[in-house]
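First to last, the sequence lines map onto chains L and Z.
Residues in the first sequence are numbered from 70 upward in steps of one, following our numbering.
Residues in the second sequence are numbered from 800 upward in steps of one, following our numbering.
Simulated from the structure, these hints should not be mistaken for lab results.
Hints should not be assumed to be uniformly reliable.
Stated by the list, open to error - Simulated pairs of lysine to any residue, SDA-like, Cα-Cα distance not exceeding 25 Å:
#1 Z/826 to L/176
#2 L/106 to Z/892
#3 Z/874 to L/90
What the hints assert, rightly or not - Part of the chain L face toward chain Z, derived, beta carbon under 10 Å:
#4 118
#5 130
#6 148
#7 154
#8 163
#9 164
#10 171
#11 173
#12 174
#13 175
#14 178
None of the values given here were measured: they were computed from a predicted structure.
Built from N, CA and C at the ideal position, the CB exists for glycine as well.
The chain contents come next:
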Amino acid sequence: MASGGGGGGSKMADKEKKKKESILDLSKYIDKTIRVKFQGGREASGVLKGFDPLLNLVLDGTIEYMRDPDDQYKLTEDTRQLGLVVCRGTSVVLICPQDGMEAIPNPFIQQQDG
Amino acid sequence: MAANAATNPSQLLPLGNRRRSRELVDKCIGSRIHIVMKSDKEIVGTLLGFDDFVNMVLEDVTEFEITPEGRRITKLDQILLNGNNITMLVPGGEGPEV
């Protein structure tokens, strides 16, 4: 209780300094290839060229992957080159580095030998 | 571009990379742009303008539905495209014509 009172004082000062602090610092991804997933199931990857606090992104050399009902999660099907695009931050649900991920066989399938 | 900067509340940031998104769309005004929606719909048109919510005014518009694999409607005059469902903007893009 006593420490809560002391912490409250420093928090007020912090609020005045940090008004638009993002929880994710995208500047470390500039000029790197990132993968972006959108609401609605679209996925794209490209080189991050710019961004703003609203999470609008500028991607270069963009490849879009689209999901079809029969497609499940095959990435090589239905890709297309889009080039330089702006991605709307309101639509972005996930951002990750392209290098930091790889496709693996489904770990949840249980082989049942009857 | 100056008007956009004045209404943009994030004026504490330096102008470096952080402004690229808005600038890119701004430079596209007057040229063709290809809009990809959250759904399987895409719009190609000439960009006349946009607002802070990226609602867009387009001209000479062609609307594409991707799944039925065909061009839908070609609309002339001007449309106001609701920015709620916009996922990507491709400046100078011509759309999904195969």
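Okay, the hints, checked on the actual structure:
1. Z/826 to L/176: violated (47 Å)
2. L/106 to Z/892: With Cα atoms ~21 Å apart, residue 106 of chain L and residue 892 of chain Z stay inside 25 Å; holds.
3. Z/874 to L/90: At roughly 42 Å apart (the allowed maximum being 25 Å), residue 90 of chain L and residue 874 of chain Z break the hint.
4. 118: Since chain Z brings a Cβ to about 6 Å from residue 118 of chain L, closer than 10 Å, the hint holds.
5. 130: violated (12 Å)
6. 148: It is violated, given that the least Cβ distance between residue 148 of chain L and chain Z is near 12 Å, above 10 Å.
7. 154: Interface hint status for residue 154 of chain L: holds (5 Å vs cutoff 10 Å).
8. 163: violated (13 Å)
9. 164: violated (14 Å)
10. 171: With a minimum Cβ separation of about 25 Å from chain Z (threshold 10 Å), the hint on residue 171 of chain L is violated.
11. 173: The hint is violated - residue 173 of chain L has no Cβ within 10 Å of chain Z, the shortest such distance being about 27 Å.
12. 174: Not OK, violated: residue 174 of chain L not within 10 Å of chain Z, min 29 Å.
13. 175: Residue 175 of chain L check fails; min Cβ-Cβ to chain Z is 26 Å, beyond 10 Å.
14. 178: violated (29 Å)
Going through the hint list in order, the structure does not satisfy hints 1, 3, 5, 6, 8, 9, 10, 11, 12, 13, 14.
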